[in-house]
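**Student:** Put together the whole structure using the sequences plus the hints.
Numbering (the working numbering), first residue to last: -17 to 475.
Source of the hints: derived by calculation from the structure; they are not laboratory data.
Remember, it's a predicted structure, so these values are computed and weren't measured experimentally.
No residue lacks a Cβ here, since even glycine has one placed at the ideal position from N, Cα and C.
Some hints here could point you the wrong way.
[Said to hold, decoys possible] Ranges between beta-carbon positions, derived for each pair:
hint: 1; residue 1: E335; residue 2: D252; range: 20 to 30 Å
hint: 2; residue 1: T436; residue 2: E335; range: 32 to 42 Å
hint: 3; residue 1: R342; residue 2: H461; range: 33 to 43 Å
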Amino acid sequence: MSRSRIGQASVAICSPRSFSSASTRLSMWSGSNSGSSPWTLTIVSTSPQQRATTSATRSVPLECSPVRIARPPNASTAETISGVSAATSTSSKRLARHAAAQAYSRSTRPVSSSKSFRGSRVDCSLAGITPTARPDFATSLSLDTTAMPSLAGPARASPATSRASIPSRLLLRQCKILNTMIPRRPLGTTGLDISILSVGTGPIPELMTEDDTVTQRNVLARALDHGINWIDTAATYGDGRSETSIGRALAELDAVDEFHLATKVRLTPDQLAQHSIGDLVRESVEGSLRRLRVDRITLLQLHNSVTRSRGDLPTSVTSDDALGAGGIVEAMQELQSTGVVDHLGITGLGDPESLGQLIRSGHFATMQVPYHLLNPTAGHPAEPGWSETDHGCVINDCATAGVGVFAIRVYAGGALLGRPPAKHTHTTKFFPMDLYQRHSHRAEELSTHLPANTTLQQAAVQFSLDHPAMSSAIIGFSHPEHIDQAVEATQRP
-17 MSRSRIGQAS VAICSPRSFS SASTRLSMWS GSNSGSSPWT LTIVSTSPQQ
33 RATTSATRSV PLECSPVRIA RPPNASTAET ISGVSAATST SSKRLARHAA
83 AQAYSRSTRP VSSSKSFRGS RVDCSLAGIT PTARPDFATS LSLDTTAMPS
133 LAGPARASPA TSRASIPSRL LLRQCKILNT MIPRRPLGTT GLDISILSVG
183 TGPIPELMTE DDTVTQRNVL ARALDHGINW IDTAATYGDG RSETSIGRAL
233 AELDAVDEFH LATKVRLTPD QLAQHSIGDL VRESVEGSLR RLRVDRITLL
283 QLHNSVTRSR GDLPTSVTSD DALGAGGIVE AMQELQSTGV VDHLGITGLG
333 DPESLGQLIR SGHFATMQVP YHLLNPTAGH PAEPGWSETD HGCVINDCAT
383 AGVGVFAIRV YAGGALLGRP PAKHTHTTKF FPMDLYQRHS HRAEELSTHL
433 PANTTLQQAA VQFSLDHPAM SSAIIGFSHP EHIDQAVEAT QRP
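**Tutor:** Right under this line is the structure:
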């Protein structure tokens, strides 16, 4: 089915009454562009005891995929539109349900259809959305569920709350077209499709390791609005504060299930020498799960650099530490076997040959690597006389091995944004102040060679995603508007 992306529908679903339990996902799909295949609207409403189905079918050149839902508390119906199965795992304590949203259309012709079933009536009106028209109310779907027997609450429900006795109206409204739903790419051979931008939550730009809970929540909400579905963190970011902030914000948004969560484990050479690696890895992951308020994560990554000898770089380990019997990988795989971790990854810092051994081992599904305008050597050969770190084209090794790649340090620690160095930059051993200063000088020089109407920030985002093996760029955001700017950069020619 061919599609043309127009934008996102941000929709609220409202009801004048409280329902009894469960939650909702809604999604809408159409047939082909020519309209030769029928557009089908199917609403499945369920209760613990009964089930009823009402459907209306009409062929139209309209296409929509899952709509973001804001649900009232204590909602009772589980509804699916079209053939997309809805998971309804939320409890009555949750206030909202979020799903990625896109709207597609090539016609402004409205579609209306209705059909009665068991005394219920379903009225459907879908107004087409065009790329030139940006109405505040572009799409509405009205479901009049008055006197629908199958929606009656459980036997214990009182008459005051029975769905059979109270006329209720579910109204999808306030559909604003943002034109900002970003694309997704495959993540190596994991079978996952992830957004080309991911939310980074490290100590640069400090948001998730500080105390501004309102902005933390707003940033993740804005990421969700744009269709971003990946959050990257680590146990060492702010000594766990980043994970704690993410867990709190996602709980407040009721959006835990809308993101893939990736975290990391870092072991020191002293720990490797004195303790059981399996115990250390397990304790780190258990702490991460507790702070994130989840029971599983999509990706667990080795946070250590990998070098020829332990300690060649701060906290670096060897490939033998990782791959040897009783090593780090074995401990990570034990957690993977229990189901709390889906995939394993590495941070691509250190000696390229040592990293290559991990890439070729077949144990890792992903790698993060610094890749930006000021140091492109992870994806391109170093120029003669290159004096900075040479990452040895490890992205190309990943592509050969089917390993998914994340770009990190897309803004070179803020140097490509012209910002003052973060507090972390003044103290870190990993990307120290002298590196930031060199990058700042080079960024100033580079800015004089950019095309007209292109900023360094835009060029940085575009460059990080131009490599054909790149799955996603991990960027730290300190304000919702910074996400808007990054998304806009991905849409520039």
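**Student:** Against the structure shown, which of the earlier numbered hints fail to hold, in ascending order?
**Tutor:** none
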